[in-house]
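> Read off the chains here:
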Amino acid sequence: MFKQIKDLAGGEFYLIASLLIFMVFFIMVGVYLIKMNKAHIAEMSNLPINEPQTADGYEEV
Amino acid sequence: MQLEKFTYDNKIVRDFGIATIVWGIIGMLVGLLVATQLFSPSMNLGNQYTTFGRIRPLHTNAVIFAFVGNAIFMGVYYSLQRLLKARMFSNALSKIHFWGWQLIIVSAVITLPLGITSSHEYAELEWPIDIAITLIWVVFGINMFGTIIKRRERHLYVAIWFYIATFVTIAVLHIVNSFQLPISFLKSYYVFAGVQDALVQWWYGHNAVAFFLTTPYLGMMYYFLPKMANRPVYSYKLSILHFWSLIFIYIWAGPHHLLYTSLPGWAQSLGVAFSIMLIAPSWGGMINGLLTLRGAWDKVREDVTLKFMVVALTAYGMATFEGPMLSLKQINGVAHFTDWIVAHVHVGALGWNGFLTFGVLYWLIPRIYKTELFSKKLASFHFWIGTLGILFYAIPMYWAGFTQGLMWKEFTDEGLLKYANFLTTTLQIIPMHILRSIGGALYLIGAIAMTYNLAKTMLKGKLVANEAAEAMPLEKEITNEDPADKKWHRILERKPMKFMVISMIVILIGGMVEMMPTFTIESNVPTIASVKPYSPLELEGRDLYIKEGCVNCHSQTIRPFRSETERYGEYSKAGEFVYDHPFLWGSKRTGPDLHRIGGKYSNAWHYNHMLDPTSMSPGSIMPSYPWLITQKLDISMTEAKIRAMQTLGVPYRENFDAVAQAKLKEQAETIAADLKQNNIDVKSDREIIALIAYLQRMGTDIKANKTTIPSNQ
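Chains A and B are the protein sequences, given in the same order.
Residue 1 is where the first sequence starts when you use the numbering used here, and the numbers rise one by one after that.
Residue 1001 is where the second sequence starts when you use the numbering used here, and the numbers rise one by one after that.
Incorrect hints may appear among the rest.
In silico DSBU-like cross-links for lysine-lysine, where the CA-CA straight-line distance does not exceed 35 Å [claimed, not checked]:
| # | chain 1 | residue 1 | chain 2 | residue 2 |
| --- | --- | --- | --- | --- |
| 1 | B | Lys1498 | A | Lys35 |
| 2 | A | Lys38 | B | Lys1532 |
| 3 | B | Lys1187 | A | Lys38 |
| 4 | B | Lys1532 | B | Lys1547 |
| 5 | A | Lys38 | B | Lys1005 |
| 6 | A | Lys38 | B | Lys1227 |
| 7 | A | Lys35 | B | Lys1237 |
| 8 | B | Lys1683 | B | Lys1588 |
| 9 | B | Lys1632 | B | Lys1547 |
| 10 | B | Lys1237 | A | Lys38 |
| 11 | B | Lys1498 | B | Lys1456 |
| 12 | A | Lys35 | B | Lys1227 |
| 13 | B | Lys1005 | B | Lys1600 |
| 14 | B | Lys1329 | B | Lys1588 |
| 15 | B | Lys1495 | A | Lys35 |
| 16 | A | Lys38 | B | Lys1299 |
| 17 | B | Lys1498 | A | Lys38 |
| 18 | B | Lys1150 | A | Lys35 |
| 19 | B | Lys1600 | B | Lys1498 |
| 20 | B | Lys1011 | B | Lys1532 |
Simulated from the structure, these hints should not be mistaken for laboratory data.
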């Protein structure tokens, strides 16, 4: 009855290949993150709060 | 370079905001009605347009696409303009987008109660509306990318990546899940059948949650939370890692909606593995949001918008932890088809989507109206009654889910099912359903309080339709470029089109690996010789089953558990569904599974049961369907339906359409004659006859099979 779950009949390939694809992708993003420039990070994360205020500054309600 | 003066379009933000509130109230009201129907059948209101099967999709469509949809557009149109320091690309496109989307919603409100449905969950709308959705989505896309192109800020903030991923993925999902063959203006059949159709639908269903209910809201969270707390996001690096991992992994997890079905085992395992991995990026987002408030928790005490955001993020964390847990096969075996799933989605919908929307509305409306919120006390009341509503909703539903799931599986010492009558398990959880509707009512009262509060705020202030702003234009040529600027992500942050293409590739990888083998390798869906196409009358009956939305309460897939094979019969095989356009496996068992209903009861039993379910099953909460007995079966499209099925590869013999009507009438006469023998006088041309024909056919084909069917067929 539970054969369909235990016996992947070659399906292991899909599983392992998928995990490998993700690992490669994840490592690529990881390496990029480690190499990132701090000043740039600060600039980017401040984008929403450094918006130019309108002339009368009513955003500060 | 001279400072450029321009304006932000606040009117479109306001319009989407009002639409969010109005549709939210309507969607929740319908939700409350369907909730009461589950303990009081009289709430089906005795007519065909308001039965549970027809208006449950109305509730889900209204809250997902009308309430959340409008809230997304409100949030995107507000934040996009400010993050890019530019007005929306085109006022006309903004207007077309707004009115087009409202028209689509209105068309859903009209067609769903009429029983015009494709039956795919959260994609029920028929093909002309699907086309309209595509067109309006493209309008939204052009407007968004147009704004990105004329921006005055070089880099795209993380919120915008989420918006881009949302746009691209929803487009792909919607198009693939709408491959339909129209047979008339408001009727079509899905091109895929059975297992393949199920895979496409749940690839869509799962990722609609990901890219309609999650990514745009994460984008909004990354913009509005720092604004509300007045501090930058906790970790920008985490947001990058979280973004790419989330969009990569999410797309693979769809098959966890089909565990223990006849979907190939490897696809199920793939779904489970990626679902577990999904905890990491989901929690990355939650942690990033909550830690943004580090050192600002004193603000949370005073600021109601932040309170809403904190509960929203917590609910997101809970729902995204629970999702992977539910995809573990052992847990899924108990939880699937029960109220547990309903509890799970409502923690996400009421907590994450609802509360984040309320937080943003309370923050944004006073700002674009240049005034203070009418009543902070009332907003605080909304927060508490809403939170209470979520608890009163979720806890009874978890309780009901556990109870019913375990009751279905319980055996006596003699090895018999302890609760052999399905109805016993339904009646057991009725008190929980009553409590749940109280929870829903509390939540709705909160939303009504918000409506009053925001309406008063709007009346107090005056809309700044065009808000003045100024910014430096973007330099065309970047001189003295920092070498770090050449790094790929820095480039991506400046090139929206490349960004879009790469996100599309990332999401397509998962979809392809999942679906291609099931579609191309024949052995993945083995055929069974004794499985034959439906007769014309059964086909018409099946369409009535779809029209009445039976699939909303009854599954058609028996899992390979002893508790299920004992209760329902032989477990379902992939090969049994090859002519099912669309598949009707369902996702919830409010009533029992129907895959082996064929031949289980007499025609007379079905007739009486449809006329008054309590006559056959005392205490049943199923609505009665008297109109099936009075309404004449529409056979004007029978030939066209047969031809459409032939086009889709169903092996009816050549020119079968020409004799379809005669065959249909012949079978109908037989059923009517059988009913007559049981003292039931009904004309053979009534809808009930077709429905009985379909119910009696269901799951019977493999009984004619002389050879043993190996597993997974």
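> Check each numbered hint against the structure and report the violated ones by number, ascending.
2, 3, 11, 13, 19 and 20
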